[in-house]
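Visitor: Residue numbers (this note's numbering), protein chains in the order written: chain A, 5 to 114; chain B, -10 to 104.
Simulated from the structure, these hints should not be mistaken for lab results. Ideal Cβ positions, reconstructed from N, Cα and C, are used throughout, including at glycine. Do not rely on the hints blindly, as some may be mistaken.
[Said to hold, decoys possible] Below, a sample of chain B positions facing chain A; criterion: calculated Cβ distance under 7 Å:
#: 1; residue: 52
#: 2; residue: 96
#: 3; residue: 97
[To be verified] List time: in silico DSS-like cross-link candidates among lysine-lysine, alpha-carbon distance up to 30 Å:
#: 4; chain 1: A; residue 1: 106; chain 2: B; residue 2: 54
#: 5; chain 1: A; residue 1: 7; chain 2: B; residue 2: 85
#: 6; chain 1: A; residue 1: 106; chain 2: B; residue 2: 46
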Amino acid sequence: SQKIEQNSEALNIQEGKTATLTCNYTNYSPAYLQWYRQDPGRGPVFLLLIRENEKEKRKERLKVTFDTTLKQSLFHITASQPADSATYLCAPLGDDKIIFGKGTRLHILP
Amino acid sequence: EAQVTQNPRYLITVTGKKLTVTCSQNMNHEYMSWYRQDPGLGLRQIYYSMNVEVTDKGDVPEGYKVSRKEKRNFPLILESPSPNQTSLYFCASSLKDGRSNQPQHFGDGTRLSIL
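Construct the complete structure from the given sequences, taking the supplied hints into account.
Guide: Listed below in structure tokens is the structure:
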């Protein structure tokens, strides 16, 4: 069955450093991969989408890579700030069902 | 303002008492979906709908029903709720279908407690 793994339950990063989050998937070949941010008690908010034929996508301080050979996406936040603290979810899109990873909680320490 | 609206936001009820959680979107989106979110299990899709009168099961459909009679509304029905359905529920919508490059827009969530 399709499986998505996101690295570690919580990641602590010093303010100003780059945070890197990992999303690995198995048993399917998604055409797209989306990243969302979720704050406690709130619904996820879309951040970035990357297509299978794109290696990298950027938006302000965010960068996403997509390696279909490794079946992996990396999500980077550069010059991290305490306001970036949240849970980040990845969602590889392969068919009509949508499966989310369990998310990585990111804490940016001042 | 473009939004997905869920009601109620909070509900405490008892086992076996039928309930409906409403979801409405004002963006003319074809695709709508319900998720539940539980600690340690993440966000799991319950049901989705590609368009009016078209619904399909997600990963955890047992104990739930949905309907899509109008494009904007996608209610979630618990015919006989049980305590294991205590959870945080989210409705979401997006343009076209799940393979589209359009992002999902989520509601603010409904916290259900079944005693």
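Visitor: With reference to the structure, classify each hint as holding or not holding.
Guide: Going down the list of hints, with the structure as the test:
no.	hint	in the structure
1	52	violated, 18 Å
2	96	holds, 6 Å
3	97	holds, 6 Å
4	106(A) to 54(B)	holds, 24 Å
5	7(A) to 85(B)	holds, 24 Å
6	106(A) to 46(B)	holds, 20 Å
In this structure, the one hint that does not hold is number 1.
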